[in-house]
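**Q** Sequence:
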Amino acid sequence: MRPSIILAILVLGVGPDAQIVEAQEHRVRNDEYLAAYNDSGGWAYWHDSKRGQDPHGSELMVRRSNRTELRVSTKPLFQMRGVSKVILHGVDFTDAELDGISEMKDLPSLLINGKITDDGLRHLYGLTSLKELWIYQTDINGTGLRHLKKLNQLEFLYIDSDLSDDGFAKLAQMTHLKRLSIPGLKVDRLEMLHRVLPDTEIDN
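Heads up, the sequence shown is in this note's numbering, so the first residue is 159 and it goes up one at a time.
This list has only true hints and no planted wrong ones.
Okay, derived cross-link-like pairs now, DSSO-like style, lysine-lysine, Cα gap no bigger than 30 Å in a straight line:
1) Lys263 / Lys233
2) Lys273 / Lys344
3) Lys289 / Lys243
4) Lys243 / Lys308
5) Lys273 / Lys336
6) Lys307 / Lys243
7) Lys263 / Lys273
8) Lys273 / Lys289
9) Lys328 / Lys344
10) Lys344 / Lys308
11) Lys336 / Lys243
12) Lys308 / Lys289
13) Lys233 / Lys243
14) Lys273 / Lys233
15) Lys328 / Lys307
16) Lys289 / Lys336
17) Lys328 / Lys289
18) Lys336 / Lys263
19) Lys328 / Lys273
Honestly, the hints are just simulated from the structure, not real lab data.
All chains, please: the whole structure from these sequences, using the hints.
**A** Printed below as a string of structure tokens:
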């Protein structure tokens with residue numbers, strides 16, 4: 159085979175068509191993971207806005223409530239690929255249900271909610287592509303923010319927790335953030351954050 163033909167084959171293999179095929183393959187596998195989870199008694203919804211045409215065009219929402227009698231592992235869902243945002247929402251979510259989420263290394267956005275503590279944040283260590291993190295109505299006091307130190311791509315953090323002194327100190331070390339949203343913060347702490355994070359836009 160002539161070199162020019164080989165080169166043409168290689169180029170076609172990594173072109174837009176190949177990306178579309180890969181995205182469609184992700185969609186098929188993701189549907190399988192989702193069906194297995196829901197068939198086991200869980201509740202998860204996958205919204206693919208690009209209908210498999212974009213490797214990063216979908217949102218996964220998983221809900222949990224205290225009325226859920228069957229404890230279904232979320233770990234299989236974290237094998238899904240091409241997901242642009244994961245929402246784990248429910249009063250009964252625990253640290254254990256974050257186990258395995260670090261496998262979603264291409265995930266850019268995550269919202270966590272429920273009975274999640276600082277120890278649960280250790281499960282996020284592998285989310286090296288994460289750009290947005292929403293920590294919403296959890297049991298986190300901020301000490302677990304140390305687990306996010308290596309997430310260099312993280313640009314935005316929302317956290318509405320009542321931070322301990324140690325937790326606040328960990329937050330003040332997150333100098334790579336471009337934007338921080340932390341409602342209800344006391345004036346003295348807000349002023350301190352402005353001093354130690356001069357390049358970060360801070361919403362209170």
